[in-house]
Amino acid sequence: MLSNANTPPVVSSNTDTNVVEFLDQQRGRIVSNTGGWFPGKGVFAHGYSMLEELVGVKSYFQILILNATGKLVSKELADWVEAIYGCLSWPDPRIWCNQIGALAGAARTSVVAATTIGSLAADSRSYGPYTLLDGLRFIQDAHAQFLAGATAEEIVQRITAANRGKPYIVGYIRPIAKGDERLEAMERYAKKLGFAIGSHQTLAYDIEKILMREFDEGMNINGYMSAFLSDQGFTPEEVYQMFAAMVASGVTACYLDTYRRPPDTFLPLRCDDIDYQGPAARSVPQP
Amino acid sequence: MQEPKHDQVRSRNEPFVAKTVTRIWHETPDADNPYIAQAASCHGYDLLELMDKRSFADVFYLLFRGELPTPAEVQLFQALMIGLINPGPRHPATRAAMNVGVGKTNPLHILPIASAVLGGDYLGGGEIENAMRFLRKHHSTPAQEFCAQWRDAGASPESLATHGIYGFGQKNGGVDLLTRSIAEHLLSLPGAGKCLRWGQQLANSLQSFGMGWLSTGVAAAVFADLGFHPRAGGSLFQLLGAPGLVAHGLELANKPITAMPFVSDDNYVIER
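Chains A and B, in that order, give the protein sequences.
Once you know that position 146 of the first sequence is 146 in the working numbering, the rest is easy, because the numbers rise by one and skip nothing.
If you want the working numbering, it's the 1-based position in the second sequence plus 1000.
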């Protein structure tokens, strides 16, 4: 028998046997409330037969939203989401997530690695789907204040009072540029699809008027999406889930552009293009 | 409603820097080609001289802390690196690595995929910053007193986080004994610091409730005692667990797809 002089004294794990019993019941089993594939019987998703009720019957974006939220939405709403996906990713490698794609192309990764890590890079506090959480939380909280009697003016004042006079509201201040050229395109399309302007969106526009007047800041695409999707009954978490891969296609495009060029040629850096500000050269002491 | 009027789009002309600044690494250009480095230094120390004189753990510590460690510091850090080198074949991150391997995914994807899973909020990097801040804030309050406040409010594993306690808890219904042993080994070293000692007292107070150290708590305590910034903690945890993840992924990479269990239809239940 093996023995080890260093074996520590036995300490009890003080285990809750109910937990072990529960884990034993789950061993080798998967319980899903989503769906699955049963060879020869079919594929099921959220209570629907995938191949009979969804594929070819519903659009890809209806299926995407179903998987992300459990809700089978109208074709019109799925079309709106598809259109806004087109607004959220474009092939400019100066945008941080897209530059991941461009660098991945320069380093010759696979296109799948580039596209997925670029999407991961957009999980950011500054831009991308994560900011929709705060965008929807803001407008839904503001709407609750509005229903309780607050005006748009008062809602903005409360925010600025808490931020030393600055209008830090997710959905209204955009990095790099002021204003957002995507709003009018989406507003036109929403109208064409037959969507009326709901109460979250009305409040969002009222807030924008105040910010434009007092701070020269307007709404951005996050503010528009947050208000529109709140009027459609989505929670912040559902929207974060629906837009998890929203920057993917622009990343792919940026990857391909650099992949087709010679290595080392994307934004080449001389050694002294990096500004070293650390300690001066010093000799290594022996340990 | 009137058509909304939006702001006209214009650049903010933000003052972006002309060059990226680093305090970590300096490359000395070749005299003939400014794109070729002929030498590199880490926080002022020549890379080749570091290769000659110091250990991997020393230079790893230097990269993140800016200074070389003392012998006691590196002994503690290296022991932690070994303690965390493999989250083990049952950790979700390792199982992700194994799925990558057996699924015949490009093996170069094992590390990014599995280390992302090791960045989760449960037994992963996502918990480390909170745990470091918790330990740094409370290590001067008597641990038993701290535990008593939590106990008086119900003493459930779920209530630990609501009491601001991170890095401690119940694993599979009881105390994580291996992690407890790792903590005890680290405590026996001369470099053990205040957070690790206080964490051990808290773990002892939680023991009778079937709770104690989690691996994230031990990592957080050592990182805090060694002076790493809480924001660095999660990434360090991913780095230290990475070797085990990759090893397990590679172990399955050349095996048939049948080398891991596949749940039968009878054991796959759709709950609707």
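These aren't lab readings, by the way, just hints derived from the structure by calculation.
For every residue, glycine included, the Cβ atom is placed at its ideal position computed from N, Cα and C.
Don't take every hint at face value.
Residues of chain B clear of chain A, computed beta-carbon distances all greater than 12 angstroms [claimed, not checked]:
1. Gly-1088
2. Gly-1210
3. Asp-1266
In silico DSSO-like cross-links for lysine-lysine, where the CA-CA straight-line distance does not exceed 27 angstroms [said to hold, decoys possible]:
4. A:Lys-178 - A:Lys-191
5. A:Lys-209 - A:Lys-166
6. B:Lys-1005 - A:Lys-209
7. A:Lys-178 - B:Lys-1019
8. A:Lys-191 - A:Lys-166
9. B:Lys-1005 - A:Lys-166
10. A:Lys-209 - A:Lys-58
11. B:Lys-1005 - A:Lys-191
12. B:Lys-1005 - A:Lys-192
13. A:Lys-58 - A:Lys-41
14. A:Lys-71 - A:Lys-178
15. A:Lys-166 - A:Lys-192
16. A:Lys-71 - A:Lys-58
17. A:Lys-192 - A:Lys-75
18. A:Lys-166 - A:Lys-71
19. A:Lys-166 - A:Lys-75
20. A:Lys-178 - B:Lys-1104
21. B:Lys-1005 - B:Lys-1104
Covered stretches of chain A, as calculated for chain B (at least 3 residues, CB under 8 angstroms) [to be verified]:
22. 92-105
23. 171-185
Verification of the supplied hints:
no.	hint	result
1	Gly-1088	holds (16 angstroms)
2	Gly-1210	violated (4 angstroms)
3	Asp-1266	violated (9 angstroms)
4	A:Lys-178 - A:Lys-191	holds (25 angstroms)
5	A:Lys-209 - A:Lys-166	holds (16 angstroms)
6	B:Lys-1005 - A:Lys-209	holds (8 angstroms)
7	A:Lys-178 - B:Lys-1019	holds (25 angstroms)
8	A:Lys-191 - A:Lys-166	violated (33 angstroms)
9	B:Lys-1005 - A:Lys-166	holds (22 angstroms)
10	A:Lys-209 - A:Lys-58	violated (38 angstroms)
11	B:Lys-1005 - A:Lys-191	holds (16 angstroms)
12	B:Lys-1005 - A:Lys-192	holds (18 angstroms)
13	A:Lys-58 - A:Lys-41	holds (21 angstroms)
14	A:Lys-71 - A:Lys-178	violated (35 angstroms)
15	A:Lys-166 - A:Lys-192	violated (36 angstroms)
16	A:Lys-71 - A:Lys-58	holds (13 angstroms)
17	A:Lys-192 - A:Lys-75	holds (13 angstroms)
18	A:Lys-166 - A:Lys-71	violated (38 angstroms)
19	A:Lys-166 - A:Lys-75	violated (40 angstroms)
20	A:Lys-178 - B:Lys-1104	violated (47 angstroms)
21	B:Lys-1005 - B:Lys-1104	violated (54 angstroms)
22	92-105	violated (count 0)
23	171-185	holds (count 9)
Violation of the numbered hints given earlier is confined to hints 2, 3, 8, 10, 14, 15, 18, 19, 20, 21, 22; the remaining hints are satisfied by the structure.
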